[in-house]
Amino acid sequence: METTRAAQIKKPYIRLDPRTKLLVLLTGSFAALSAAPKSAEVMLILFLTLLLLNERQTGFAVKLLAVFAAMLLPDIFGASLLDGAAGVVLLAVTRIVRIYLPVCMAFTLVVKTTTVSAFIAALCKMHVSDKITIPVSVMFRFIPTVKEEWQAIRAAMKFRGIGISFKSVAIRPMLTLEYVMIPLLMSASGIAGELAAASLARGLDSGKARTCVTQVALGPADYPVMLAGLAIAVCAVAG
Amino acid sequence: MITLQNVSFRYGTGGDASGGVREVDLHIRKGDCVVLCGRSGCGKTTLTRLVNGLIPHFYEGVLSGEVRVGGRDSAARSLAKTAEIVGSVFQNPRSQFFNVDTTGELAFGCENQGLPREEILRRVDGARVLFGLDGLMDRSIFELSGGEKQRIACGSVYAAGPEVYVLDEPSANLDAGATEKLRQILAALKARGKTLLISEHRLYYLAELADMYLYMEDGRVTRALDRREMRALPPGERAAMGLRSLDLNGADYRGRAAAPRDGGALLIENLVCRRGRRRVLDIPRLSLPSGEILAVVGANGAGKSTFAHCLGGILRHKGTFSVDGKALSDKKRVEMSYMVMQDVSRQLFTESVLEELSLGRREAPVKEAEDLLRALGLYELRDKHPMALSGGQKQRLAVAAAAFAGKEILLYDEPTSGLDAVNMRRICALIQDMADRVFITAVITHDLEFILSCCTSVLELSGGTVTDHYALDGPGVEKIKRHFLKEVVNYETKGNSGKTENRHGAAAGAGGY
Numbered sequence: 000m001e002t003t004r005a006a007q008i009k010k011p012y013i014r015l016d017p018r019t020k021l022l023v024l025l026t027g028s029f030a031a032l033s034a035a036p037k038s039a040e041v042m043l044i045l046f047l048t049l050l051l052l053n054e055r056q057t058g059f060a061v062k063l064l065a066v067f068a069a070m071l072l073p074d075i076f077g078a079s080l081l082d083g084a085a086g087v088v089l090l091a092v093t094r095i096v097r098i099y100l101p102v103c104m105a106f107t108l109v110v111k112t113t114t115v116s117a118f119i120a121a122l123c124k125m126h127v128s129d130k131i132t133i134p135v136s137v138m139f140r141f142i143p144t145v146k147e148e149w150q151a152i153r154a155a156m157k158f159r160g161i162g163i164s165f166k167s168v169a170i171r172p173m174l175t176l177e178y179v180m181i182p183l184l185m186s187a188s189g190i191a192g193e194l195a196a197a198s199l200a201r202g203l204d205s206g207k208a209r210t211c212v213t214q215v216a217l218g219p220a221d222y223p224v225m226l227a228g229l230a231i232a233v234c235a236v237a238g
Numbered sequence: 000m001i002t003l004q005n006v007s008f009r010y011g012t013g014g015d016a017s018g019g020v021r022e023v024d025l026h027i028r029k030g031d032c033v034v035l036c037g038r039s040g041c042g043k044t045t046l047t048r049l050v051n052g053l054i055p056h057f058y059e060g061v062l063s064g065e066v067r068v069g070g071r072d073s074a075a076r077s078l079a080k081t082a083e084i085v086g087s088v089f090q091n092p093r094s095q096f097f098n099v100d101t102t103g104e105l106a107f108g109c110e111n112q113g114l115p116r117e118e119i120l121r122r123v124d125g126a127r128v129l130f131g132l133d134g135l136m137d138r139s140i141f142e143l144s145g146g147e148k149q150r151i152a153c154g155s156v157y158a159a160g161p162e163v164y165v166l167d168e169p170s171a172n173l174d175a176g177a178t179e180k181l182r183q184i185l186a187a188l189k190a191r192g193k194t195l196l197i198s199e200h201r202l203y204y205l206a207e208l209a210d211m212y213l214y215m216e217d218g219r220v221t222r223a224l225d226r227r228e229m230r231a232l233p234p235g236e237r238a239a240m241g242l243r244s245l246d247l248n249g250a251d252y253r254g255r256a257a258a259p260r261d262g263g264a265l266l267i268e269n270l271v272c273r274r275g276r277r278r279v280l281d282i283p284r285l286s287l288p289s290g291e292i293l294a295v296v297g298a299n300g301a302g303k304s305t306f307a308h309c310l311g312g313i314l315r316h317k318g319t320f321s322v323d324g325k326a327l328s329d330k331k332r333v334e335m336s337y338m339v340m341q342d343v344s345r346q347l348f349t350e351s352v353l354e355e356l357s358l359g360r361r362e363a364p365v366k367e368a369e370d371l372l373r374a375l376g377l378y379e380l381r382d383k384h385p386m387a388l389s390g391g392q393k394q395r396l397a398v399a400a401a402a403f404a405g406k407e408i409l410l411y412d413e414p415t416s417g418l419d420a421v422n423m424r425r426i427c428a429l430i431q432d433m434a435d436r437v438f439i440t441a442v443i444t445h446d447l448e449f450i451l452s453c454c455t456s457v458l459e460l461s462g463g464t465v466t467d468h469y470a471l472d473g474p475g476v477e478k479i480k481r482h483f484l485k486e487v488v489n490y491e492t493k494g495n496s497g498k499t500e501n502r503h504g505a506a507a508g509a510g511g512y
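Residue numbers (numbering that gives the first Met the number 0), protein chains in the order written: chain A, 0 to 238; chain B, 0 to 512.
Keep in mind that the hints were calculated from the coordinates and are not lab data.
Since the structure is predicted, the reported quantities are computational estimates derived from the model, not experimental observations.
Worth double-checking, as some hints may not be accurate.
Pairwise CB distance ranges (calculated) [claimed, not checked]:
| no. | chain 1 | residue 1 | chain 2 | residue 2 | range |
| --- | --- | --- | --- | --- | --- |
| 1 | A | Gly218 | B | Lys478 | 57 to 63 angstroms |
| 2 | A | Ala187 | B | Asp435 | 36 to 42 angstroms |
| 3 | B | Leu208 | A | Lys124 | 41 to 47 angstroms |
| 4 | B | Asp72 | A | Ala187 | 32 to 38 angstroms |
| 5 | B | Ala206 | A | Ile131 | 46 to 52 angstroms |
Derived DSSO-like pairs (lysine-lysine); straight-line CA-CA distance at most 30 angstroms [unchecked claim]:
| no. | chain 1 | residue 1 | chain 2 | residue 2 |
| --- | --- | --- | --- | --- |
| 6 | A | Lys62 | B | Lys317 |
| 7 | A | Lys130 | A | Lys146 |
| 8 | A | Lys157 | B | Lys366 |
The beta-carbon is built from N, C-alpha and C at its ideal position, and this holds for glycine as well.
Pulled out of the complex, with its shape left as it was, chain A reads as follows (with noise of 0.2 angstroms):
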């Protein structure tokens, strides 16, 4: 399955340090999660949408935030006119949806514009210890792998006439997990066990202070956007 797109990694308009983008992850998912008035809400869309943008994720950001728009219109519109339990559950559902978008987005932010390199550089700079460093790091090598693997195993069981639909789901759901699940750990146990290996044949547990080729600094776009990411937390929970 090999892909023949010669993609450069996508470079941002205004490079942004991975700490910045922690801390709105941070901030972000603060504000969301923290029942925020429509306001503060929207504040925090637009100003991830703005940072998605920046790092050219154009038609993530544009998808999220049409879905977004599309979720606030029953709050405005749809309570005068549905009546009873229907609104309630339709008041319910966007509501949760809202919720978990700004986090997926600021998620987004964190894992698809950041090398794995710059990463580490970021959470050496921030005194992380190794033991914490190495496991997310190599989380987030993962994310990309489980990926692949995924969209193999599924056309593995379109082909079986097992493949996952709507009604699969619906009618046999822990059937339908299980024929996901087994191929799916059992691959990804196996490349985690020769990652592991592969790593430390090149002497990933030296004890020695590793080096960081990748410089990570903060720059002047840096702290407008840190204090931003903490003024919407703030009037989150403030309003």
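For chain A, the structure is supplied; the task is to place chain B on it using the hints.
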């Protein structure tokens, strides 16, 4: 440089101990290139792990004897210390990367040694120049082809500056062009006086490099041959040892003529598949006669997988597929077809071999299933968990499941990557046997020896278009050999200009980008 004295190793600690090596004595001088060969499971990989220190530091078991690399006992030294003098390249390009980006990966070994930043940048640049990695810098590793990944792996090891290189089946997932590129890299390392220990099934690309071949059986080194002796080995004896061909051009046709069946042909018309805005497949018209075993060949990125996925109906595309004027919809083709994947573990879903066959069928005739398992030599294993089977057994089980589900289009994705000659012949027999029962068999492959021993026709793809389609008769055999040699030559001429095989593949096609 490397000395093993009476070394034995068994995996595991209790009664279930298995595999490993027994009573190995060997001495490798500095600057030598030594190739470990022998059947799958003969202990080649174990020997490489003893040298790079993963045994006993990572894989547990019972070790006796002494392994000295660079004059010191590697069991007494920490793994990270060994890593400074021994660099390792592994078989699976998928799982030997720690980073997501190429440049970070090249620096990884040096970073672990705690070298100063300027020194690391200098070394990474040295690797870039020596291995022609210009087009690969600052890219996502997940978007590279197998060959490009292996080059990054070699470059990364080189940057760390070890004296000894241990490579475990580095060409297992590579096409002919990428293998040639790998050969150039190994030659450059050898020219710099590095010591190379390579475990490998494909021998042809090492013929000019190897100083010594060590043949292993059952965990013992039973024969040592130098380059001349290996070349003088009669083909019959070499085949009996289970070794692959030494000369790509010397392989001869051992397949059989296609059994012509009057089942008509599968007609493909106006097939176009896009990824984003780019056309990755464009086939105006193609007719595949039934009963054929079709080898689908071409460089990485030529559209082989895309073609197979369209044929199997799991990828969205434009165009029609029909048999005798009757159209086959995508849905119908998904029902009819089955792909045996390179990593078969991804397609076994149940808890026993017998259950695997009846998956997806409401009332499965048990007797029929048992007969099929008997025919494929899996009957004794019918109650085992599929994940407990060996690689070859898993492959047979996947094929059995396809046969039992009455599939008519069988697709194989590189079924012989990393197989020795004996297992390759075994999978050939299986594919030929199955081909008699189904409508069409298509095999994506980079393996000329396999094509010549199994297939009946060839489909050459380049840049998403069909460049040739022919039967493997007399002239056809010459053609396919030329195709593989051409792939190699293309690399020799373009190799050092920093082109990647992906770009090369796209440039060859008419409307690639």
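(request) Using the Cβ atoms, figure out if alanine 187 (chain A) sits within 36 to 42 angstroms of aspartate 435 (chain B). (result) Between alanine 187 (chain A) and aspartate 435 (chain B), where Cβ atoms are some 37 angstroms apart, the hint holds.
(request) Take the C-alpha atoms of lysine 130 (chain A) and lysine 146 (chain A), compute the straight-line distance between them, and say whether it is at most 30 angstroms. (result) Since the Cα atoms of lysine 130 (chain A) and lysine 146 (chain A) sit roughly 26 angstroms apart, the hinted pair holds (cutoff 30 angstroms).
(request) Could you grab the alpha-carbon distance between lysine 62 (chain A) and lysine 317 (chain B) and see if it respects the 30 angstroms cut-off? (result) holds (26 angstroms)
(request) Decide if the proposed pair is consistent with the structure: lysine 157 (chain A) and lysine 366 (chain B), CA atoms, cutoff 30 angstroms inclusive. (result) It holds: about 26 angstroms lies between the C-alpha atoms, which stays within 30 angstroms.
(request) Starting from the hint 46 to 52 angstroms, judge whether the C-beta atoms of alanine 206 (chain B) and isoleucine 131 (chain A) obey it. (result) Since the Cβ atoms of alanine 206 (chain B) and isoleucine 131 (chain A) sit about 49 angstroms apart, the hinted range of 46 to 52 angstroms holds.
(message) Is 57 to 63 angstroms respected by the C-beta to C-beta distance linking glycine 218 (chain A) and lysine 478 (chain B)?
(response) At roughly 59 angstroms between Cβ atoms, lysine 478 (chain B) and glycine 218 (chain A) fall inside 57 to 63 angstroms, so the hint holds.
(message) Just to be sure I understand the hint, the distance between the Cβ atoms of leucine 208 (chain B) and lysine 124 (chain A) should be within 41 to 47 angstroms; is that true here?
(response) holds (44 angstroms)
(request) Indicate whether the distance between the beta carbons of aspartate 72 (chain B) and alanine 187 (chain A) respects the range 32 to 38 angstroms. (result) holds (35 angstroms)
The structure agrees with every numbered hint stated previously.
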